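**Student:** The lines below spell out each chain.
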Amino acid sequence: MVTFEAGFLARAYVEETGLTWPVLVGESRELYRAYGMLAAGFWDIWGPATWIAYFREIVHGRRLKKSSGDIHQRGGDVLIDPQGIVRFHHVGSGPANRPPVDSLLRYVEEGATPAPMPLVERGKGETGRRV
Amino acid sequence: MNLKNKLAVDFELPDSDGKLHRPADYRGSWLLLVFHRHLG
Chain A
1 MVTFEAGFLA
11 RAYVEETGLT
21 WPVLVGESRE
31 LYRAYGMLAA
41 GFWDIWGPAT
51 WIAYFREIVH
61 GRRLKKSSGD
71 IHQRGGDVLI
81 DPQGIVRFHH
91 VGSGPANRPP
101 VDSLLRYVEE
111 GATPAPMPLV
121 ERGKGETGRR
131 V
Chain B
132 MNLKNKLAVD
142 FELPDSDGKL
152 HRPADYRGSW
162 LLLVFHRHLG
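Protein sequences appear in the order of chains A and B. The numbering used here applies: residue 1 is where the first sequence begins, and numbers increase by one. The numbering used here applies: residue 132 is where the second sequence begins, and numbers increase by one.
Keep in mind the hints are simulated off the structure, nothing from the lab. No experiment lies behind these values; they were computed from the predicted model shown. Heads up, a few of these hints could be off.
Part of the chain A face toward chain B, derived, beta carbon under 10 angstroms [what the hints assert, rightly or not]:
#1 V2
#2 V14
#3 M37
#4 W43
#5 V59
#6 G61
#7 V91
Now the in silico label distances, taken between C-beta atoms and shown as ranges [said to hold, decoys possible]:
#8 A:R11 - B:R153: 31 to 37 angstroms
#9 B:E143 - A:L38: 35 to 41 angstroms
#10 B:N136 - A:V59: 19 to 25 angstroms
Ideal Cβ placement from N, Cα and C applies to all residues, glycine included.
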C-alpha cells in the first residue's frame, strides 16, 4: 500500500488495522503523480457514486468515519507482473471507484481482465496485498 | 494516462518502519500497489 501521509500516521494506521504488508510513505506524492493520480474534483468526491457507496456500507452494517487529510487526492491500483511490466493501471475517479480485490487476484491467477469499477469502496484490511 | 504494458515506474520509498522498498525488490513476483486516498 502507498500513502502520501506522514510516517507516524502510517505507523498508527498499521497498528490500528493490523496490516501485514508494507505501507510505503511517499509524502512528496511523486509516485502518485507518476501514475497519473492527481487531485479529484468536487463532483468526483461528492457525486452520487460516493453517496451510493456510503449508503451500501451503512446497509452492510459498517460504521463510517469522518474523513481527515487531503480528501481530494486520488487513489488507484497498479498491478505489476514478475518482469516489472504494468499489467493493470487504474486511477480512481473518487472514493467509490476501486476495482474489487477478487478481480485483481483472478487476473494474476488466470489472466482475466479485472472487472469494471463497482460502486463500492474496499474496507480496511482488503486494500493491497502482495500476490 | 494508462501505463498498462509499460515498464513500472521506478521508486525508492520507506515503509512505516523506515525500511526502503524498490520495485526491483519484488522482481519475480506479482506486485500490487494500492495507492490510498487518505488514511483518516
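**Student:** Each hint needs a verdict: does it hold in this structure or not?
**Tutor:** Okay, the hints, checked on the actual structure:
no.	hint	in the structure
1	V2	holds, 5 angstroms
2	V14	holds, 5 angstroms
3	M37	holds, 6 angstroms
4	W43	violated, 16 angstroms
5	V59	violated, 22 angstroms
6	G61	violated, 21 angstroms
7	V91	holds, 7 angstroms
8	A:R11 - B:R153: 31 to 37 angstroms	violated, 21 angstroms
9	B:E143 - A:L38: 35 to 41 angstroms	violated, 22 angstroms
10	B:N136 - A:V59: 19 to 25 angstroms	violated, 38 angstroms
In summary, the numbered hints that this structure violates are 4, 5, 6, 8, 9 and 10.
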